[in-house]
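The lines below spell out each chain.
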Amino acid sequence: MKTLKTYAILYLVFLYAPIFLLPLFAFNTSTIIAFPLTGFTTEWFTALLDITEMHSALFNSLKIAVTSAVLATIFGIFGAMASTRYHFPGQKGIMGFIMLPLVLPEIIVAVSLLVVILKLGLSTGSWSVIAGHTLICTPFAIAILNSAFAALDPSLEEAAYDLGETRASTFRRVTLPLVMPGIVSALLISFTISMDEFIIAFFLTGADPTLPVYLFSMLRFPKLLPAVMALGTILVVLSILLITIAEIFRRRGAKRAGLKDTGGFL
Amino acid sequence: MMTAGEKLRRFFRTDQGVGLLLVSPTALYALLLLAVPLIAIVVISFLTQTGVRDFAPGLSLVNYKEALSDPLYRELMLRSLMVSGSVTVVTVLLAFPIAYFVSFGVKPEQKSLWIFLITIPFWTSYLIRVFLWKVILGYNGVLNSGLKLVGIIDEPLTFILYNVNAVIITLAHAYAPFAILPIFVALEKIDRSYLEASRDLGESRTMTFLRVTLPLAAPGVVAAVLIVFIPTIGDYVTPKLVGGPGGTMIANMIQTQFLRLNNAPLGATLAVLAMLIVAVIAIVFLIVGYRAAGGGKKGGRG
Amino acid sequence: MTIKAKPERKPLISLQNIQKHYGEYHALRGINLEIGEGEFFSLLGPSGCGKTTLLRTIAGFEDIDSGSVMLAGKDMMGVPANKRPTNMVFQSYAIFPHLTVAENVAFGLRKSPLSKVEKAEAAEAALNMVGLSGYGNRAAHALSGGQRQRVALARALVLKPKVLLLDEPLSALDRKMREQMQVELIKLQREVGITFILVTHDQEEALVMSDRIAVMFEGEIAQCDDPEVLYRRPKTKRVADFIGVMNFLPATCRHEGGKKIVNIVGLGETEITEEQCPEGFPEGAATVGFRPETLTILYEGQTPTHREAPAMIEEVVYYGDMTYYDVKFDGVDTPVRLSMRNLFGRDVLEVGTRARISWSPGALVVFG
Ligand SMILES: Nc1ncnc2c1ncn2[C@@H]1O[C@H](COP(=O)(O)OP(=O)(O)O)[C@@H](O)[C@H]1O
Ligand SMILES: [Mg+2]
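Chains as they are written, first to last, in the numbering used here: chain A, 2 to 267; chain B, 5 to 306; chain C, 1162 to 1529.
Hints listed in this document are in silico derivations from the structure and should not be mistaken for laboratory results.
Don't take each hint at face value.
To be verified - Footprint (simulated), chain B over chain A, 3 or more residues, beta carbon under 8 Å:
id, region
1, 15 to 22
2, 99 to 107
3, 214 to 223
4, 229 to 239
Claimed, not checked - No farther apart than 25 Å at their CA atoms in a straight line, the calculated lysine-lysine pairs in the DSS-like style are these:
id, chain 1, residue 1, chain 2, residue 2
5, B, LYS138, A, LYS224
6, C, LYS1167, C, LYS1235
7, A, LYS6, B, LYS115
8, C, LYS1321, C, LYS1171
9, C, LYS1321, C, LYS1348
10, A, LYS3, B, LYS111
11, C, LYS1277, C, LYS1165
12, A, LYS3, B, LYS138
13, C, LYS1272, C, LYS1323
14, C, LYS1321, C, LYS1277
15, A, LYS6, B, LYS111
16, C, LYS1321, C, LYS1280
17, C, LYS1171, C, LYS1323
18, B, LYS111, B, LYS244
19, C, LYS1396, C, LYS1167
20, A, LYS6, B, LYS193
21, C, LYS1323, C, LYS1277
22, C, LYS1244, C, LYS1171
23, A, LYS224, B, LYS244
24, A, LYS93, B, LYS193
25, C, LYS1235, C, LYS1280
26, C, LYS1235, C, LYS1323
27, C, LYS1321, C, LYS1244
28, A, LYS3, B, LYS193
29, C, LYS1244, C, LYS1272
30, C, LYS1396, C, LYS1165
31, C, LYS1489, C, LYS1398
Each residue gets a CB set at the ideal place from its N, CA and C atoms; glycine is no exception.
In isolation and in its complexed conformation, chain A is listed as follows (with noise of 0.2 Å):
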């Protein structure tokens, strides 16, 4: 177990690296993204201030990973509640066909929503961003909202029903507030995805670029390349902050329903 720990910590130094670096750069005086480090600065992230093509991307990234996040987890509390609580026909293979983005390449999601788009004549933007974003967070909100439904015993429900409540009413007295640590958690993590993706958002945005593809562009300029590493240190913080969020509130679910904790998300 020893020598075991000590590669689990290189390891995780391996994982680490390239976060752990972000902000040494972002912080650099240099224009050139190499050692050794020249000084301290912090011109690259007033420098972004001045960038206003991005701000409108991050805001349409925003605005694209909000609808998104809404739309996924609605799909996935259907999904979770039908897929934990009930028996129906073809029932593996309808849930494995809307799990099937976790596995599926995006370049494949993406170049096939794109075909049926311009075959019907539409014109990509936003609405095709989040309308793939939404396909690929699905799964992700059903993982975490089933191991939501599961920890939630069906019996009560059914006390509630018992009780004298109407299905509506035990939902919303019983079943949401049991099950709003994992809704939230959901929400966070395909919020997380969504300003994240690139390869969707690079196939399916209109005029308007997202976040990550004008990132993607910017990645072509060196001059531009400090402020890309300003950009990322902020947008890698954000990220660990939602998750973080995120996995607080699944595990105050868990521990809710009374449950042992071992794992986390997936």
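Since the structure of chain A is already known, use the hints to place chains B and C with the ligands on it.
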């Protein structure tokens, strides 16, 4: 006799009916935005493009002939397979000890912290992570300058950026959590008394690992392999940023066909072929894995 | 044929030919049963025999294929669970983890016309009744198993249902707690006077608690009687075997001048009465059953109160207050079990000892 409508109404009040009704919004969404597009792309792969948005009437196998005979596409496809295969092997081999360590070597209350630490990098911007590998592996990159500083090398290493190696390293990093989690879950499911029973029956630690732990972890390893192998073959960003000309993969070509050369049918063909090949390999792997794990035996733990 | 409520009780629940399938599986095969007002009624049977299904049918949670459920003279067909005058104590107790104890108990009072204060008083009164007064502000997840069960009881009783349904309410408790709760439940039921229907697979629990017990096998009621009748006069071998311990020995039966004579292997001949043959007097081959406590070992100098037969002691199991002996009657291969109270100054006999066993013909039950 019940009328058909009454029968239907009755069905939607049963468990099965309610379940079907509940899943239908999500299933319908997946049908419209996944099944229909996937079918569309298969159909388009049999068409030929004549104008910007026009296709020649009638289906043909022209694109498939071209995709399969042109050495450029064949090489891209083989390289993509090679890269995904290598990434899968590297990732899963590196991941197993970690999953094992977290499952067996970490106190129960610390397990979720470890898993959380392992998954965090996955949630941060993919683009940025890939780009930083470029920074790490570059000619004047972190690795080269570091190695030079320590005096291990005099000249920067050039075989680590803008080629297949860089693609493999970067992807192995990106997919690490995907490999660790399923193996961890499988290891967690193993009842610890099985291991004690094996030791009690006279097996050594190593033999217990080989005869009990490993077979029971097999489903997790199979899942890990599939979860890494299938999506990596379609990766676009990594080959684009760190692969250089010798490191491009099939996804880059699909993108080129669709967005640059405006040859959607050929792009669709390449996409369909890539999916088909991955599906066949995955199925063969599943069958072989199932057999090897003695999946047919009765009385296993499902 | 419907099993009627006892004449002294007004029927409250009437189940008529209840049929229920789960897919191909026939879970309830024609249940006909009346349960009286204020009765403590138990559904007893091995796991999977359909007890829970029948209880949930009464509660309104199961769609039955055919048959009718009448409750206080009203047909419950089409009346959903939330509109029935029944309440349930779930096997897992189903205490809402996001609510406090008081909120749990008052959960079903939301739509009642009572004022806020009256609701709180009703909840407190219910908690007091189950011995949890002052626990109202506790978080539900901080309760022990026994306390959860009490909260579940209070939550159901506060609604003053006509019937309280309890699905294996004691099975999650440890033995001491279970025995204590058995007594408390009996007291509580007498106090509130509501009909209780208890599902259990524990025959001892059913015998201790119930006014009447229905023994179920494979979706059918095999026998429905008072605990005492059920124990002393089981109608079938299977019921006899399920309730307590029953010894069986092969026998032959014949009529002789209007008398019913049974010849038991190893014990000899005796006359029996009509009511000792629940399945009717079997002419020819038969099986007789008798309880361990109807056999007694005769010590030196004791004379039998009934009949006696020689036997060899094969096995001795010491229980402190009791000793169980497995003995073989001369000429019989199967051992039978007998139980003796351990009186002070009397030695426990050893394996291999020969002994005289007293048995009473009146305690026999004869099956075909
Ligand atoms: N929802 C269900 N679907 C299919 N079979 C069921 C369902 N509920 C119960 N059963 C089956 O019906 C039989 C009776 O179940 P139940 O009433 O729970 O038994 P008991 O409470 O006596 O143990 C069992 O064999 C069980 O497997
Ligand atoms: Mg049951």
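Okay, the hints, checked on the actual structure:
Restraint check on the region 15 to 22 of chain A versus chain B: 7 residues with Cβ-Cβ distances below 8 Å, three needed, restraint holds. For the region 99 to 107 of chain A, the assignment as covered by chain B holds, since 8 residues bring a beta-carbon within under 8 Å of that chain's beta-carbons and 3 suffice. For the region 214 to 223 of chain A, the proposed coverage by chain B is satisfied: 3 residues have a C-beta within less than 8 Å of a C-beta in that chain, meeting the threshold of three. Interface restraint, the region 229 to 239 of chain A with chain B: holds (4 residues with C-beta to C-beta distance below 8 Å; minimum three).
Using a Cα cut-off of 25 Å, the hinted pair LYS138 of chain B and LYS224 of chain A holds, with the two alpha carbons roughly 16 Å apart. Between the alpha carbons of LYS1167 of chain C and LYS1235 of chain C the distance comes to roughly 20 Å, so the proposed pair stays at or under 25 Å and holds. Between LYS6 of chain A and LYS115 of chain B the alpha-carbon distance is near 13 Å, which keeps this suggested pair within the 25 Å criterion. In summary, the hint linking LYS1321 of chain C to LYS1171 of chain C is supported, as the alpha carbons are separated by about 18 Å, within the 25 Å threshold.
Distance restraint check for LYS1321 of chain C and LYS1348 of chain C: the Cα-Cα separation of roughly 17 Å lies within the 25 Å cut-off, and the hinted pair is therefore satisfied. For a cut-off of 25 Å, the pair hint linking LYS3 of chain A to LYS111 of chain B stands: about 14 Å separates their Cα positions. Between LYS1277 of chain C and LYS1165 of chain C the alpha-carbon distance is near 43 Å, which puts this suggested pair outside the 25 Å criterion. For the proposed pair LYS3 of chain A and LYS138 of chain B, the alpha carbon gap of about 33 Å is over 25 Å, so the pair is violated.
With a CA separation close to 18 Å, the supplied pair LYS1272 of chain C and LYS1323 of chain C stays within the 25 Å bound. Distance hint between LYS1321 of chain C and LYS1277 of chain C is fulfilled; the C-alpha atoms sit about 18 Å from each other, no more than 25 Å. A distance of roughly 12 Å separates the Cα atoms of LYS6 of chain A and LYS111 of chain B; the hinted pair therefore holds under the 25 Å criterion. Between LYS1321 of chain C and LYS1280 of chain C, the direct Cα distance comes to roughly 13 Å. Compliance with the 25 Å bound is thereby established for this hinted pair.
Proximity of LYS1171 of chain C to LYS1323 of chain C is assessed by CA-CA distance (about 13 Å); at most 25 Å being required, the pair is judged to hold. Of the pairs offered as hints, the one joining LYS111 of chain B and LYS244 of chain B is violated, with about 42 Å between alpha carbons and a cut-off of 25 Å exceeded. Proximity of LYS1396 of chain C to LYS1167 of chain C is assessed by CA-CA distance (about 18 Å); at most 25 Å being required, the pair is judged to hold. For the hint pairing LYS6 of chain A with LYS193 of chain B, the CA-to-CA distance comes to about 21 Å; that is within 25 Å, so the pair holds.
Distance restraint check for LYS1323 of chain C and LYS1277 of chain C: the Cα-Cα separation of roughly 24 Å lies within the 25 Å cut-off, and the hinted pair is therefore satisfied. At roughly 23 Å between alpha-carbon atoms, LYS1244 of chain C and LYS1171 of chain C fall within 25 Å of each other, so this suggested pair holds. Of the supplied pair hints, the one linking LYS224 of chain A and LYS244 of chain B holds, its CA atoms being roughly 20 Å apart against a limit of 25 Å. For the hint linking LYS93 of chain A to LYS193 of chain B, the alpha-carbon distance of about 22 Å falls within 25 Å, and the restraint holds.
For the given pair, LYS1235 of chain C sits about 28 Å from LYS1280 of chain C by alpha-carbon distance, which is inconsistent with the 25 Å threshold. Of the pairs offered as hints, the one joining LYS1235 of chain C and LYS1323 of chain C holds, with about 12 Å between alpha carbons and a cut-off of 25 Å not exceeded. The straight-line distance between the Cα atoms of LYS1321 of chain C and LYS1244 of chain C is roughly 13 Å, inside the 25 Å bound, and the hint therefore holds. Taken as a hint, the LYS3 of chain A and LYS193 of chain B pair is honoured in the structure, with Cα atoms around 23 Å apart against an allowance of 25 Å.
Distance check on the hinted pair: LYS1244 of chain C and LYS1272 of chain C sit about 12 Å apart at the alpha-carbon level, within 25 Å; holds. Taken as a hint, the LYS1396 of chain C and LYS1165 of chain C pair is honoured in the structure, with Cα atoms around 17 Å apart against an allowance of 25 Å. Distance restraint check for LYS1489 of chain C and LYS1398 of chain C: the Cα-Cα separation of roughly 21 Å lies within the 25 Å cut-off, and the hinted pair is therefore satisfied.
Comparing the model with each numbered hint stated earlier shows that hints 11, 12, 18, 25 do not hold.
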